[in-house]
Amino acid sequence: MVAHAKLDPMMPQPFTMRQVTKETSDTFTFTLEPPKGNNGTRFLPGQFSMLWVFGVGELPISISGDPAEHERLTYTVRSVGQATHALVSRKAGDGIGVRGPFGTGWPIDAAHGRDVIVVAGGIGLAPLRPVIYHVLRNRKEYGRLVVLYGARSPRDLLYRKELASWARQPETQVLITVDYGGIGWHGHVGVVTTLFKYARVQPARSVAMICGPEIMMRFVNRELETYGLRREDIYLSMERNMKCAVGFCGHCQYGPHFICKDGPVFPYESIRPLLDKYEL
Amino acid sequence: METLERIIEQHPFFADLDPSYMGLVVGCASNRRFKAGDYVFKEGSEANEFYLIRSGRVALEIFAPQRTPIVVETLGDGDILGWSWLIPPYLRKFHAHAIEDTAAIALDGKCLRTKCEQNHDLGYELLKRFARIIAQRLEATRFQLIDVYAAK
Numbered sequence: 001m002v003a004h005a006k007l008d009p010m011m012p013q014p015f016t017m018r019q020v021t022k023e024t025s026d027t028f029t030f031t032l033e034p035p036k037g038n039n040g041t042r043f044l045p046g047q048f049s050m051l052w053v054f055g056v057g058e059l060p061i062s063i064s065g066d067p068a069e070h071e072r073l074t075y076t077v078r079s080v081g082q083a084t085h086a087l088v089s090r091k092a093g094d095g096i097g098v099r100g101p102f103g104t105g106w107p108i109d110a111a112h113g114r115d116v117i118v119v120a121g122g123i124g125l126a127p128l129r130p131v132i133y134h135v136l137r138n139r140k141e142y143g144r145l146v147v148l149y150g151a152r153s154p155r156d157l158l159y160r161k162e163l164a165s166w167a168r169q170p171e172t173q174v175l176i177t178v179d180y181g182g183i184g185w186h187g188h189v190g191v192v193t194t195l196f197k198y199a200r201v202q203p204a205r206s207v208a209m210i211c212g213p214e215i216m217m218r219f220v221n222r223e224l225e226t227y228g229l230r231r232e233d234i235y236l237s238m239e240r241n242m243k244c245a246v247g248f249c250g251h252c253q254y255g256p257h258f259i260c261k262d263g264p265v266f267p268y269e270s271i272r273p274l275l276d277k278y279e280l
Numbered sequence: 001m002e003t004l005e006r007i008i009e010q011h012p013f014f015a016d017l018d019p020s021y022m023g024l025v026v027g028c029a030s031n032r033r034f035k036a037g038d039y040v041f042k043e044g045s046e047a048n049e050f051y052l053i054r055s056g057r058v059a060l061e062i063f064a065p066q067r068t069p070i071v072v073e074t075l076g077d078g079d080i081l082g083w084s085w086l087i088p089p090y091l092r093k094f095h096a097h098a099i100e101d102t103a104a105i106a107l108d109g110k111c112l113r114t115k116c117e118q119n120h121d122l123g124y125e126l127l128k129r130f131a132r133i134i135a136q137r138l139e140a141t142r143f144q145l146i147d148v149y150a151a152k
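Residue numbers (the numbering used here), protein chains in the order written: chain A, 1 to 280; chain B, 1 to 152.
In isolation and in its complexed conformation, chain B is listed as follows:
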């Protein structure tokens, strides 16, 4: 059975992370499982964790009264879920809804925030990695907004 440390080390998000930081990250990690239909988190709740999805699929939803939730994106194997833990006021902006049975590693954002404040090199390293993901998602969202498949 793979250890948490090994899984995290092999995840692309943590590729080439200084080994001295890896211990700090692993110390904040735990395994989680969500059944299809479970909410990983809900809009407005405290953002104290983020997740490395190992398998399954999670939909990011916007809640809309009197209509079905609007799925803006789905995340799957290998994806990172959640960055609100890093940005004040540390509150979730979307619902994260498991649409398949999902296995993930939860990383304690509160614990990591404290470690990042104490060690700015670690903080900068993590921020760079999250900035890359945020930029990719922003680009994808802009591309989505263009509605390229609409009839001319």
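One chain only, chain A, in its complex shape:
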């Protein structure tokens, strides 16, 4: 797949829809399989693909699957518009065009030997799930893994079974909070930043990876700094209107950066001045 992207990044490859699973009332996880004869797809945690829904349009979607599984690509998408609705309505066996993977990944090498703090808000857990898979699969290469996950309500939580299973892994802490609890919810209620005080990590030797709504990430950055993390150890995944995915069209320009090519994962320090600009 990487080889294809290098040859012609604008040419979609014909993948096949294998399975669609409903995560919440509006969010779905689906798996695509490559055409026969394809050697498999390698991607870095944090990268995205352009998915072509024939007759409808093309969408940038982060890969949410395990980077060690090359024989399929897994994505999680919130169905909020015509194209996403068409995408998750595809049946097993239907064709989907795939370009990519594109973009930068999470700093899994820079995090070697250090504690990893994953901070996710809402569907922001999807692009971070490959990091969690990677750290758990290569457990000895990392320090503690702490997943801090905030969602709107218990009904909006993604990957519930996996969250529970990750929490049982050694040297791993999974803390979940919701903005609005309901009857039967005995977990945390409050925004994701209120979880930091319960995280058992050494801030000075930690790397934080954050994905969620931009407002949330601003609050989280501030809180992580207060908590003792250095700015250079904080990474964010940004989202803009990506079209070509290779830095030609300029649709996703963000100050001097193109999100599709220079991101979507950025060191906080490199985009910090841009986060406060209304125009961007």
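No lab work stands behind these hints: they were computed from the structure. None of these values were measured; they are calculated from a predicted model. Hints may be right or wrong, so weigh each one.
[To be verified] Below, in silico cross-link-like pairs of lysine-lysine (DSBU-like), each with a Cα-Cα straight-line distance of 30 Å or less:
no., chain 1, residue 1, chain 2, residue 2
1, A, 197, A, 243
2, A, 197, B, 93
3, A, 197, A, 140
4, A, 197, B, 128
5, A, 22, A, 36
6, B, 110, A, 197
7, A, 261, B, 93
On the provided structure of chain A, position chain B as indicated by the hints.
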């Protein structure tokens, strides 16, 4: 077994508190345990204590007739519960409902209020520490109000 004094000294809320004040605070402290389902306090009741939660979880609830209580926040290990003891008319604004078995240290707010009136340096020190918590909770509440995870 840890003494109350040691637990309070090690709590982040009292970090670096002048040792001469620590004795005053410890003199107002006692251990408490709440079972899951117990109410630590109820809306409208007199606010004569605040709590350092040692373990467990407490939900701050707003009572709403003919519907289930609305949980606005949960507090857990290491959190401070209650500041109405500091602000007239010294009445609780929410229910505090233990949703897990909870161990806490109760600090007698009435006793501390008297000590703060007699010693304004102690009063200012405590007020600064509570102001920080109130500011953090206000910020978190504003963040919560934005409803950032709603579909665009």
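Numbers of the earlier hints that this structure fails to satisfy, in rising order: 1 and 7
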